[in-house]
Amino acid sequence: MNDKNARALPAGLPAPGVEPLSAPYWAGTRAGKLVVQRCTACGRHQWGPEWICHRCHAFDLGWAEVAPRGRIWSWERPHHPVHPALTGHTPYTIVLVELAHADGIRMVGNLLCGPTDPVTIGAEVEAVFEPHDEATPPYTLVQWRLAGGA
Amino acid sequence: MAERTLRGKVAIAGIGETTYYKHGQSPDAEFKLALRAVLAACADAGIDPREVDGFASYGNDRSEATRLAAALGIRELRFSNMHWGGGGGGVAAAVGNAAAAVHSGMADCVIAFRSLAQGQFARYGKGSQAATVTGDDAFAVPYGLMSPAQRFAMKITRFMTDHGIRHEALRSIALASYHHAQTNPRAVMHGRPLDESKYDAARWIVEPFHRLFDCCQENDGAGAVLVVPAERAKDLPHKPVYLLAAAQGGHHRSAAPAHNAPDYASAHFKTVAKNLWAMAKMGPSDVDVVQAYENFTGGVLLSLVEHGFVEPKTANEFLVLDNLKFDAGRMPLNTSGGNLAECYMHGLEMVNEAVRQLRGTACNQVRDPNVVAVLGGPMVTPVSSLILGTEASL
Chain X
1 MNDKNARALP
11 AGLPAPGVEP
21 LSAPYWAGTR
31 AGKLVVQRCT
41 ACGRHQWGPE
51 WICHRCHAFD
61 LGWAEVAPRG
71 RIWSWERPHH
81 PVHPALTGHT
91 PYTIVLVELA
101 HADGIRMVGN
111 LLCGPTDPVT
121 IGAEVEAVFE
131 PHDEATPPYT
141 LVQWRLAGGA
Chain B
1 MAERTLRGKV
11 AIAGIGETTY
21 YKHGQSPDAE
31 FKLALRAVLA
41 ACADAGIDPR
51 EVDGFASYGN
61 DRSEATRLAA
71 ALGIRELRFS
81 NMHWGGGGGG
91 VAAAVGNAAA
101 AVHSGMADCV
111 IAFRSLAQGQ
121 FARYGKGSQA
131 ATVTGDDAFA
141 VPYGLMSPAQ
151 RFAMKITRFM
161 TDHGIRHEAL
171 RSIALASYHH
181 AQTNPRAVMH
191 GRPLDESKYD
201 AARWIVEPFH
211 RLFDCCQEND
221 GAGAVLVVPA
231 ERAKDLPHKP
241 VYLLAAAQGG
251 HHRSAAPAHN
261 APDYASAHFK
271 TVAKNLWAMA
281 KMGPSDVDVV
291 QAYENFTGGV
301 LLSLVEHGFV
311 EPKTANEFLV
321 LDNLKFDAGR
331 MPLNTSGGNL
341 AECYMHGLEM
351 VNEAVRQLRG
361 TACNQVRDPN
371 VVAVLGGPMV
381 TPVSSLILGT
391 EASL
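Chains as they are written, first to last, in this note's numbering: chain X, 1 to 150; chain B, 1 to 394.
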């Protein structure tokens, strides 16, 4: 995982389809930025993408860049491959990352670590943008690594 | 204003099910399985199937009410109902919806059912094979988060870590189901016992809390119950089993997108359980037998906690096999083998087992029970649960 070109998971998994509701997020990741919904009326961040602010019911949710870091809120390590592309490539590690500086929104990604490395709830992590340039259309996933790590 | 409640207003007069099969082994088509279960429930109740006037189901059941009504020559369809949400979150809701229809006068004789032949259609344990995924899946599937076990695992990790609950507590839940299946000839896992060493040696499905035997089966089969007004049930062959309460739903933003439910480490029963006990006019200490849907054993733990059956602080001590057995346990659990070992019929088999316990005809009969709780599929949303009782519980 020290190879900066290595990907968390093998090729062949489904790609994220870009939809009108989520397009600014995926445009952000292509540019190496974490861009999430932020209500222009009440100023609060919201995730995942929705058409309305669940707090104040404003429809004009805007988008804002947030610092690409957070803390591990929970985790799991799948062993059983449920997709052919994963056969022979398990286990891998999934984390749920809380962004306290963005109203506590949470994001799912892979933790870049070894298959037996311990995972600690509360550990600080930073985003690693993982481009899939060969895809049509290209997209960039957001992975995570321990903050200050190699 | 008169009290608005379903308590004691309707009864389950008939139960039915097909032979239960490992996925892919049913000789019958899924719709034929549904027909068999419905006919069995009607025969059990001593009611002509043509008299059925409603169907309620859940989990996007493919056996549509109108096709069933046509195939069975139903005289008049007055109620058809599909509860939102995947999996077995709606099992108790389907019974509750049937009950509401009967009590309100919309219908008189309603079947709540589930038919499912995973071998003939998509299996729940397989991930998406699509080239691209949209909606919520776009933020999960590309990271290898695609199956139900994976979707729920992080709830379990967080809850068990926060409360210091050990994997052995979940093992006891699995052992209880397998223990009871060994004396239930209907059970798919009948004759295939499980012990601690076999459980511990099983492969991981998802670390840190889901080994193979923590996960439900994938099966083919169908089950059905027949709901009628309480007064009518008294004139039918079996001892009436009354509905004492039904509740469904989810807490604040339990379905918030991309794993953002504010109260995330939850089975989603907190508000549902409150409403359930209020309608039943009782609490967990009044319950004699618990049927708690196992999609995964971690979900059973959360369901039991949120309904007040287990305290997180004492879960390690309380959740041991001896406490969960039908004959000597303090809280008999999943007495027919449940989803893990009888059949993963999305919990409908648990409703049938609850009725058998209250009739006194179960394979693993608890001594003289008056109240049984059925906790539907946890961690999905909406979820649902049910309290059933004998005449003495009214």
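Please note: incorrect hints may appear among the correct ones.
Unchecked claim - Reference listing, derived: stretches of chain B covered by chain X, where coverage requires no fewer than 3 residues with Cβ under 8 angstroms from a Cβ of chain X:
#, region
1, 121 to 129
2, 204 to 218
Said to hold, decoys possible - Residues of chain X placed beyond 10 angstroms of chain B at every Cβ, according to the derived structure:
#, residue
3, Ala-6
4, Lys-33
5, Arg-71
6, Glu-126
As the list claims (entries may be wrong) - Here are some, though not all, of the chain B residues that point toward chain X, as calculated from beta-carbon distances under 7 angstroms:
#, residue
7, Ala-43
8, Val-133
9, Met-146
10, Pro-148
Bear in mind the hints are in silico, worked out from the structure with no lab data behind them. Built from N, CA and C at the ideal position, the CB exists for glycine as well.
Checked hints:
Note: the region 121 to 129 of chain B has 5 residues with beta-carbon separation from chain X under 8 angstroms; the three-residue rule is met and the coverage holds. Under a criterion of three residues with beta carbons nearer than 8 angstroms to beta carbons of chain X, the stated coverage of the region 204 to 218 of chain B is upheld, 5 such residues being counted. Residue-level check passed: Ala-6(X) sits 15 angstroms from the nearest beta carbon of chain B, beyond 10 angstroms. With a cut of 10 angstroms on Cβ distances, Lys-33(X) stays outside the contact zone with chain B, its closest approach being about 16 angstroms.
A cut-off of 10 angstroms between C-beta atoms confirms that Arg-71(X) is not in contact with chain B; the least separation is 12 angstroms. Against chain B, the non-interface label of Glu-126(X) holds: every CB pair exceeds 10 angstroms, the least being about 16 angstroms. The interface hint given for Ala-43(B) is broken, as the beta carbon of that residue sits about 40 angstroms from the closest beta carbon of chain X, more than 7 angstroms. Below 7 angstroms, beta-carbon pairs count as interface contacts, and Val-133(B) has one with chain X at about 4 angstroms; its hint therefore holds.
About 6 angstroms separates the beta-carbon of Met-146(B) from the nearest beta-carbon of chain X, less than 7 angstroms, and the hint is met. Using the Cβ-Cβ criterion of 7 angstroms, the hint placing Pro-148(B) at the interface with chain X is not satisfied: the shortest such distance is roughly 10 angstroms.
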